[in-house]
Every structure is written in structure tokens, then in C-alpha cells.
Amino acid sequence: MRVQVSRWAFLTYVVLEESFHALPDHRMTQTPAQKQETRLAGAGYRSVPREFVDPPSAWNPTVGLFFGGYALAALTIWGWFQGGWPLPLLLCTGFLALHLEGTVIHDACHNAAHPNRWINQLMGHGSALLLGFSFPVFTRVHLEHHSHVNDPHNDPDHIVSTFGPLWLIAPRFFYHEWFFFQRRLWKRWELMQWGFERSIFLVIVLAAIRFDFLPFVFNCWFAPALMVGVTLGLFFDYLPHRPFTSRNRWTNARIYPGQLMNWLIMGQNYHLVHHLWPSIPWFEYKPAYEATKPLLDSKGSPQRLGIFETQRDGYNFLYDILVGVRSHKRRRGKMRRVAKVLPDRRMQRGWLSFVDSLAIKTEPKRWKSF
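When we follow our numbering, the leftmost residue of the sequence shown carries the number 3, and every step to the right adds one.
Quick caveat, the hints were computed from the structure, so don't treat them as lab data.
Any given hint might turn out to be false.
Unchecked claim - Using C-beta positions, here's what the derived DEER-type ranges look like:
#, residue 1, residue 2, range
1, Ser149, Leu320, 27 to 35 Å
2, Arg200, Ser355, 42 to 50 Å
3, Ile211, Ser149, 37 to 45 Å
Computed from a predicted model, the values in this text were never measured in an experiment.
Heads up, the beta-carbon is just placed ideally off N, CA and C, and yes, glycines get one too.
Could you put together the complete structure from these sequences and hints?
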């Protein structure tokens, strides 16, 4: 006799089975009692509480960041042309203006900046113009990153983080524009929007040349944008995803809790929370993390910065700052070809061992819903 099992009963079994059997990173050091306690804690949670993923209120901190960024930009313009402010001060105000808008464009691309769709789009395009970005490019490329985290072939941010030194991470963001067109990611009117935003950028630069305010553009817009590019690359791309090996949704990013960092980088130290539930706005990452910590513990989600915990971590971080080029193919790859020009066997073996130690060994993706 065949027994019929409903689809919902089967899914319930899968959810409960995974909740009881997933273990944290430190499971090898836990006692049996601690392991049982962790399983039971994780079994009580299946997702983030609903209030965190609901749309934000009309007047929320992201709206404040949007207007604050433009106010600082206006202050920078006044300080250069009328106030006679010193350049270091103008660099700071310009940097802060763009730093605030970086969080606005990020939340807007997830429709988490404002509950009204049109205002959310307005905030996204407005922040993109100040940053010198294109909102359609940022949105489509960033959503591809979410779909293919740590995939060497399909995650555009993987290229930004692992194809060069950290001090040159900002220029690698131009790769996003190429990725957008190479993958033909635009939808409906987005190609026209890209053309409009790039036209505005070009008009500003040409006007700066014609009316002799190009020094202002370089010193108070391009230079702060370069600084913000390094900040975004480090705190949005590199630190949250290193060592770039996991493709499991519970471990493909990390959390490093801290009140000060939470405000300095506006919640990106809780980056895994954002990847798990992208509709949560930045100002609710921390409370969402605190509400779901038992679940994250049960899944083995990384909750440490992981840079200086071991000597190897420290050396890897130093290498990424200075060089940052890594092979993605163990036992083969372009970096191994250098061994052919080395004079003796010992140096060749040493080089091959060094390259293999730097290789990023990405795990196969495991499809898990909870």
C-alpha cells in the first residue's frame, strides 16, 4: 500500500530536521549539553520577526541621510566658492555627503528607503547623481551579487574584492558598468535612465572645463568619491565576505557586532543580516540580529571579523592590502605560469606552493531555504 505524504508535511519535516541538526562554527569544542541547547534554541526560530521586513515609515532615518547628504554637498560648494574653507575640511564634508548617500542608494535598490515606490526611486536616482553612479547599474549589478554571492563567475563584487590590492579597490567598481552591459541586465526604461544620468555627469564635467571650476570637481567631488569607493569596497564587499569561499546563504557573509561600527558604517557590520533579509533597512540590522541570534548560532553563521584570529588570517589580510591578486583554480591558473621563468626547482616549488595557498577554493552552493 502506498502512503501519500502532503507537500507541506514534507517541507515541515525538512525545516525541523535542518533546525535540529545545523551546528555553529565552534561545535567541535562544545559539550553534548551545549550542542543540545544550541539545537533547541535554533529550533524556536525560522526567520526574522515580521516587523523588521515590513516597509519603513515615511519619515525614517534613510530619508534623513538623503537630505543630510545633499545639505553637506551644498555646504561643500559654499565653502569652496564663498567661504574660503581649507581643503582638508572640504574633503571631510564632501566625503561625509557621499558616505551618507552610499547607504541611501543601497537601501533604495532594495526598495527599503521609503514605502512609496516613486519616492524610493527618486531617492535612489538622487543619491546616484551625487555619487557619480547610475542607479539602474547599481541596482541590477547589486541584485546579481545577492543572487550569486562568492561565485567567481557570476558575482560582480567578487571581482572587485579579489582581483587586486585593497588600496586600489575603488577603481575596480568601474567593472560594474561593464558587467551591466556585458550581461544585458537592464529592464524597461533603465537603459534610458542610465543615458540620462551619464549625460548629467558629462554636462557637469564639461561645464567645469568651460567655466573654470574643474579644480573644485577634482578636489571636492572626485577625491571624496575615491575615498568613499575605498570605504564601500572595504566595508560592503571585502570584509563581509572574506574568505570568499562559502556559497551557503547562512555563511556566505559575516557579522562583527559593535555599537561604534554600527553607526560609522551604518549597519554594514551586520552584513549577513542584510543578505538573509534584504528588505530590512540599515537602521534595523542590529535589532534584527539580536532577535535572530539563536537562529544564526544554530546555523553556524560567522559572527566575528576574522582578520587577526590566526597568524594565517593576519598574513592574508596584509597580502590583500598590498597585492590582493588571488588564483581561483587550485593546481592550475595563470599565476602558476610564473614558475616557468624561475631559475631552479626549489624556487619553482616554493612559488607553486605560495600560489596554491592563496587560491580561493569556493564551495559548491547548497540550496537551503531556512
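Hints and how they fare:
Hint check: Ser149 to Leu320, Cβ distance near 32 Å, so the stated range 27 to 35 Å holds. Range check, Arg200 to Ser355: Cβ separation about 46 Å, and the 42 to 50 Å hint holds. For Ile211 and Ser149, the hinted distance range of 37 to 45 Å is satisfied, since their beta carbons lie about 40 Å from each other.
The structure shown violates none of the earlier numbered hints.
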